[in-house]
Amino acid sequence: MKTSIANFRSFSILVIMAFVTFSLKVVAQGGAVEDEGLPLVLIFLLPFILLSLFGVVWMILWPAMFVWGAVFSGAKVERMHEEANQRRDSLRKRMGREILNSIDGGYRTDVSSAGLVHANGVFGPSHWHLMIGFVNNLIGGSVTVFQQVISAGRAEVMQRLREQAEEDGWDEVINVRIDTASMTPQSSNTRNTVRGVEIFAYGTGIKYE
Amino acid sequence: MQQVVNGILVVNTETIPGKVITETMGVVSGSTVRAKNVGKDIFAGLKNIVGGELTQYTELLQESRNEAVGRMVADAMSIGATAVVNVRFATSAITAGAAELFAYGTAVKYE
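Residue numbers (the working numbering), protein chains in the order written: chain A, 1 to 209; chain B, 1 to 111.
Since the hints were derived computationally from the structure, they do not count as laboratory data.
Please read these numbers as outputs of a predicted model, since none were measured by experiment.
Beta carbons are placed, not taken as given, at the ideal position from N, Cα and C, and that holds for glycine.
Hints should not be assumed to be uniformly reliable.
[What the hints assert, rightly or not] The list that follows gives simulated cross-link-like pairs (lysine to aspartate or glutamate, DMTMM-like), each with its CA atoms no further than 20 Å apart: (1) B:40 - B:59; (2) B:47 - A:78; (3) A:207 - A:163; (4) A:93 - A:171; (5) B:19 - A:104; (6) B:40 - B:23; (7) A:207 - B:14; (8) B:36 - B:59; (9) B:19 - A:89; (10) A:76 - B:53; (11) B:19 - A:179; (12) B:19 - A:163; (13) A:207 - A:98; (14) B:109 - B:14; (15) A:207 - B:111; (16) B:36 - B:67; (17) A:93 - A:82; (18) A:93 - A:168; (19) A:207 - A:168.
[Unchecked claim] Derived Cβ-Cβ restraints for the label pairs, each shown as a range: (20) B:27 - A:110: 50 to 56 Å; (21) B:55 - A:179: 18 to 24 Å; (22) A:139 - B:33: 37 to 43 Å; (23) A:147 - B:24: 24 to 30 Å; (24) A:92 - B:35: 34 to 40 Å; (25) B:26 - A:53: 34 to 40 Å; (26) A:59 - B:92: 55 to 61 Å; (27) A:47 - B:33: 22 to 28 Å; (28) A:150 - B:34: 47 to 53 Å; (29) A:147 - B:22: 45 to 51 Å; (30) A:177 - B:27: 16 to 22 Å; (31) A:139 - B:90: 30 to 36 Å; (32) B:55 - A:75: 15 to 21 Å; (33) A:70 - B:39: 22 to 28 Å.
[Unchecked claim] Just a sample of chain B residues kept apart from chain A, beta carbon distances all over 12 Å, derived: (34) 24; (35) 25; (36) 32; (37) 56; (38) 59; (39) 80; (40) 88.
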């Protein structure tokens, strides 16, 4: 995210402080509000008020969503992996074989047409998973939670590639490559940005005569 | 994804299956930097708390990749090629929420 959450929080504190001092001043003047002064101040403060509202909503929303993630995200990842595997199996049964190959070759000679086919997905661990991963990182060894998220994502993307190939009418996909790229740049403040990896699979679809 | 982009054949293999390459014409490339609007960024940030797929960013990268391929094809057309072989992709996140997509390959003529 370009606009970090920490900024919203500090904005909200600033705006609340400004309002408190402003209203104290009004009260000290005997409750008489200046006729032209107030709307001008409001217009000036409007973007900050919106930001502060977002900050307040975020403060309520974040713990609720964190708990939701803690309860359901692990099962959700497993379900995604299972579902992708089921779709893969049914597609294999339908086509009669596995249509993805990572070698450049091995196809029959009666090829009528060829073309690029690609599929992608961006997957991120939940904040609960990040916390478990942090503890896991201190202990060392394999960080299972992240591995689960990424392998589920990869299974899903491979299945999307198969479905895309089927939709485009290719009989086989050769020379399949899988790229994994982090969505979080190295230089950014990693505390307040979206954590996720992009998985991208591409290959050459070929159609037989 | 159409099999032929603007009349140019695009494959990521070194040869074109079923065709014969007659002439290589050098490297062609296309790149793009795209970002989603702040609203979608905020929504992705919320989705990130509970984990799972960030659909906004999937879309973003899909669109940008299509655009990068389109620019690469335009580059190939401008030098009079009929196909692009051995296409590779490179991705880099410039800031979170904006991504650079780069596609490159070798322009060729085929029979």
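Which numbered conditions among the earlier hints are violated in the structure presented, ordered from lowest to highest?
When the structure is compared with the hints, numbers 6, 9, 11, 12, 20, 23, 25, 26, 28, 37, 38, 40 turn out to be violated.
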